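Peer 1: For this one, chain A is given, so just place chain B on it according to the hints.
Protein chains in written order, with our numbering: chain A, 32 to 581; chain B, 59 to 213.
No lab work stands behind these hints: they were computed from the structure.
Do not take every clue at face value.
With a straight-line cut-off of 27 Å between C-alpha atoms, the simulated DSS-like cross-links for lysine-lysine are [as the list claims (entries may be wrong)]:
(1) 190(B) with 147(B)
(2) 268(A) with 66(B)
(3) 268(A) with 63(B)
(4) 63(B) with 353(A)
(5) 66(B) with 540(A)
(6) 352(A) with 63(B)
(7) 63(B) with 342(A)
(8) 108(A) with 518(A)
(9) 105(B) with 341(A)
(10) 341(A) with 63(B)
(11) 540(A) with 63(B)
(12) 147(B) with 273(A)
(13) 105(B) with 576(A)
(14) 190(A) with 108(A)
(15) 63(B) with 273(A)
Now the stretches of chain A that chain B is said to cover, found in silico as 3 or more residues with beta-carbon under 8 Å [what the hints assert, rightly or not]:
(16) 270 to 279
(17) 459 to 472
Just so you know, these numbers come straight off a predicted model, no measurement behind them.
We put the beta carbon where it would ideally sit given N, CA and C, even for glycine.
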Amino acid sequence: MIAQPERKIALWHLGVAYTAFLIGTLMGVLQVFIRNDALQLPAWLDYYQILTAHGVLLALIYTTFFIFAFFITGMSKSLGSFGPKVRLFSWIGLWVTLLGTVMATVMIVAGEASVLYTFYAPLKANGFYYVGLALVIVGTWISSFALVGHYMVWRRNNKGQLSPLFAFMTITTIVLWIIACLGVVATVLFQYIPWAFGWTDTINVELSRSLFWYFGHPLVYFWLLPAYIAWYTIVPKLLGVKVFSDSLARLAFVLFILFSIPVGFHHQLTEPGISNFWKFLQVVLTFMVIVPSLMTAFSMFATFEISGRKKGGTGLFGWFKKLPWRDVRFTSIFIAMAFFIPGGAGGIINASFQLNEVVHNTLWIVGHFHITVGTPVAMTFMGLTFWLIPYLTGRRFTKRMQRLGFVQIITWSIGMLLMSTAQHVLGLMGAPRRTAYSGYNDHPSAMEWFDGIISNHVTMAIGGTILFLSAMILMYIVIMTMFVSPKAETPEQMVEFPLAESDMSNTPKWLENWWIWIGIAAALIIIAYAIPLTHMIQHAPPGSKGFITW
Amino acid sequence: MHFHKYEKIWLSFGIVSLIVFLSVVGVSAFSQNHTPSGGMDTIDPEKVNETAPFDNPGVTQLDEDTYQVAIVALAFGYNAPDLRVPVGKEIIFKVTSTDVVHSFTIDDTKVNMMVVPGRITTKSYTFEEPGKYLILCNEYCGTGHHMMSTEIEVY
Numbered sequence: 032m033i034a035q036p037e038r039k040i041a042l043w044h045l046g047v048a049y050t051a052f053l054i055g056t057l058m059g060v061l062q063v064f065i066r067n068d069a070l071q072l073p074a075w076l077d078y079y080q081i082l083t084a085h086g087v088l089l090a091l092i093y094t095t096f097f098i099f100a101f102f103i104t105g106m107s108k109s110l111g112s113f114g115p116k117v118r119l120f121s122w123i124g125l126w127v128t129l130l131g132t133v134m135a136t137v138m139i140v141a142g143e144a145s146v147l148y149t150f151y152a153p154l155k156a157n158g159f160y161y162v163g164l165a166l167v168i169v170g171t172w173i174s175s176f177a178l179v180g181h182y183m184v185w186r187r188n189n190k191g192q193l194s195p196l197f198a199f200m201t202i203t204t205i206v207l208w209i210i211a212c213l214g215v216v217a218t219v220l221f222q223y224i225p226w227a228f229g230w231t232d233t234i235n236v237e238l239s240r241s242l243f244w245y246f247g248h249p250l251v252y253f254w255l256l257p258a259y260i261a262w263y264t265i266v267p268k269l270l271g272v273k274v275f276s277d278s279l280a281r282l283a284f285v286l287f288i289l290f291s292i293p294v295g296f297h298h299q300l301t302e303p304g305i306s307n308f309w310k311f312l313q314v315v316l317t318f319m320v321i322v323p324s325l326m327t328a329f330s331m332f333a334t335f336e337i338s339g340r341k342k343g344g345t346g347l348f349g350w351f352k353k354l355p356w357r358d359v360r361f362t363s364i365f366i367a368m369a370f371f372i373p374g375g376a377g378g379i380i381n382a383s384f385q386l387n388e389v390v391h392n393t394l395w396i397v398g399h400f401h402i403t404v405g406t407p408v409a410m411t412f413m414g415l416t417f418w419l420i421p422y423l424t425g426r427r428f429t430k431r432m433q434r435l436g437f438v439q440i441i442t443w444s445i446g447m448l449l450m451s452t453a454q455h456v457l458g459l460m461g462a463p464r465r466t467a468y469s470g471y472n473d474h475p476s477a478m479e480w481f482d483g484i485i486s487n488h489v490t491m492a493i494g495g496t497i498l499f500l501s502a503m504i505l506m507y508i509v510i511m512t513m514f515v516s517p518k519a520e521t522p523e524q525m526v527e528f529p530l531a532e533s534d535m536s537n538t539p540k541w542l543e544n545w546w547i548w549i550g551i552a553a554a555l556i557i558i559a560y561a562i563p564l565t566h567m568i569q570h571a572p573p574g575s576k577g578f579i580t581w
Numbered sequence: 059m060h061f062h063k064y065e066k067i068w069l070s071f072g073i074v075s076l077i078v079f080l081s082v083v084g085v086s087a088f089s090q091n092h093t094p095s096g097g098m099d100t101i102d103p104e105k106v107n108e109t110a111p112f113d114n115p116g117v118t119q120l121d122e123d124t125y126q127v128a129i130v131a132l133a134f135g136y137n138a139p140d141l142r143v144p145v146g147k148e149i150i151f152k153v154t155s156t157d158v159v160h161s162f163t164i165d166d167t168k169v170n171m172m173v174v175p176g177r178i179t180t181k182s183y184t185f186e187e188p189g190k191y192l193i194l195c196n197e198y199c200g201t202g203h204h205m206m207s208t209e210i211e212v213y
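Next comes chain A alone, as it looks inside the complex (with noise of 0.2 Å):
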């Protein structure tokens, strides 16, 4: 078991993920039920700041602090316990992340700013939201300064070893988390900021929202490495096997740092500002991310196969039957990952220049990422909360508990089938996302969307329903394990953190240059980014003022 400090500040991180889990899942019920009529919103709360706190406290909240509680156990459990720097700049990070958060949030609440997560000028939000979000990147940034500095101690301690996986991975995810950030602040810091608060008196919008895109696709990497992270040392453990390739590994999770940042053009394919070449060529940069993608899931199979044959499996597809089905901590990191399918296979269509136009902000969109990261990564974190938890309170995770965990990752796959599908179609169709209920004063197109067998208001509603049911779920395994449930007493009854052995002896030392990585991901972005940049900063028309329209 890790140091108690560790715990502790691993612990407080869980705590606020899932305070923001609640939040954020219920913000999700109403507006399913919105958006079919079903439900009428008091005069005081409106569609679109449920829709701005669903947005920021689930994608931005949840995972962030999740993150840095897998990130903070991990580490300590993989390079040793922190030292008293370390520990004081965590808690640090932690209390930075959280009063930027309630800030923000009190903003959404008192509808300052139902500008959404995306916060596009030039709608204005009030001065303070900008300044939340900003502290919560700060509090980030503190609380990967203070991992870097344990992985710096490790290596100086360690000269000329390459760190253990888990360790290498978390430094890869916080590199790309830090580079990718830059974007963003220098828009909320440069931009946002002293416009809202009236020292400036116009925005640069199409630069605004480049910079925010420069930070919004690796933003999605940032959610989707620590899933990985589990993907790679986690789950084999769980299989009783080894790292199927250290090397390969490693090179993949290097191969995000350079591919997904260089990219966020392809958000903006549909908009003026940016020439066809620049939109092209980020389009291909983009499209490179498939090939560590391809080797993360031959990696994958390779180590399920490689188990199942262990445990007896023959035949071709013999293994599969013999991998850990009743282990749930398998499973639903399993069904995360087969969600992931069809979930990357939608962003290259999504990414896909022309193509784009057909999906582009339609309710497809809206299915995508609840099918990316709302089940690949965070069925991935719920999988590993049923240990990490546990693991930390030192507390039992009982037969009882294990059933329930079973019947949440079932419950959340067949809610999210249905809503995603529905989303999916009805985007196709051309249904747009970001919308309360609307018929378009009954328009014969608008009313032939909602007319299909999956495509209708019903299904999404009752996905909606089965998923906020499924999130109540896990919240009760959530604080059983937290307070609740029996402590461990038995070796046999701990909770151990599966993190499974890697072998090195193969491995080549470059892999871990960082100044390698870190300087061709600076090319890239200086070739994918400079010129259209510079040129939306020379020739920029007159800027925008601040409109608030809601």
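Peer 2: Okay, now just chain B, sitting in the frame of chain A:
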């Protein structure tokens, strides 16, 4: 670094498909002009109503086979009177905004344009079927976002 033989096959297959796929997209984009909406023209967002072509929004015939449609998007509607265009002719849509970001999206077509204040978004499209098409905003723009729509008639 050791790559398993099957992994080499798997990755080669993946990379080759990727190259083929991107070539198809690229050739279609740049030699056949299948590019998404966009454009590099700028405009003063506070002087939209005095600037051509938005001082006279609506349909203008440019020549025998080409029509231009100028539209001003604003919270929560479109300033675009009398939208009627012929089937089978090239229609060039030019859209800008006087306030926040909107979209100009025609249901059942590939016209799906982001509208950014200070910029003019352009898209060329040829309707193949006559009828009344729903136009809507699919970028969140405020309380009335889900009411922001209009119609275009293709004859």
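Peer 1: Now tell me, hint by hint, if it's right for this structure.
Peer 2: Here is what the structure says about each hint:
Between residue 190(B) and residue 147(B), the direct Cα distance comes to roughly 16 Å. Compliance with the 27 Å bound is thereby established for this hinted pair. With a C-alpha separation of about 25 Å, the suggested pair residue 268(A) and residue 66(B) falls inside the 27 Å cut-off, and the hint holds. A hinted pair counts as satisfied when its Cα atoms are at most 27 Å apart, and residue 268(A) with residue 63(B) qualifies at roughly 24 Å. This hinted pair checks out: residue 63(B) and residue 353(A) have alpha carbons roughly 25 Å apart, not beyond 27 Å.
For the hint linking residue 66(B) to residue 540(A), the alpha-carbon distance of about 22 Å falls within 27 Å, and the restraint holds. At most 27 Å may separate the alpha-carbon atoms for a hinted pair to count; residue 352(A) and residue 63(B) meet this at roughly 25 Å. Taking the CA atoms of residue 63(B) and residue 342(A), the gap is near 23 Å; set against the 27 Å cutoff, the hint holds. Distance restraint check for residue 108(A) and residue 518(A): the Cα-Cα separation of roughly 21 Å lies within the 27 Å cut-off, and the hinted pair is therefore satisfied.
For the given pair, residue 105(B) sits about 73 Å from residue 341(A) by alpha-carbon distance, which is inconsistent with the 27 Å threshold. Between the alpha carbons of residue 341(A) and residue 63(B) the distance comes to roughly 20 Å, so the proposed pair stays at or under 27 Å and holds. A distance of roughly 23 Å separates the Cα atoms of residue 540(A) and residue 63(B); the hinted pair therefore holds under the 27 Å criterion. For the proposed pair residue 147(B) and residue 273(A), the alpha carbon gap of about 63 Å is over 27 Å, so the pair is violated.
About 13 Å separates the Cα atoms of residue 105(B) and residue 576(A), which keeps this hinted pair within 27 Å; it holds. Restraint check for residue 190(A) and residue 108(A): the C-alpha separation of about 19 Å stays at or below 27 Å, so the hint holds. Between the alpha carbons of residue 63(B) and residue 273(A) the distance comes to roughly 19 Å, so the proposed pair stays at or under 27 Å and holds. Check result for the region 270 to 279 of chain A against chain B: holds, 3 residues qualifying (beta carbon to beta carbon below 8 Å, three or more required).
Residues of the region 459 to 472 of chain A lying with their CB closer than 8 Å to a CB of chain B number 10, which satisfies the three-residue condition for coverage.
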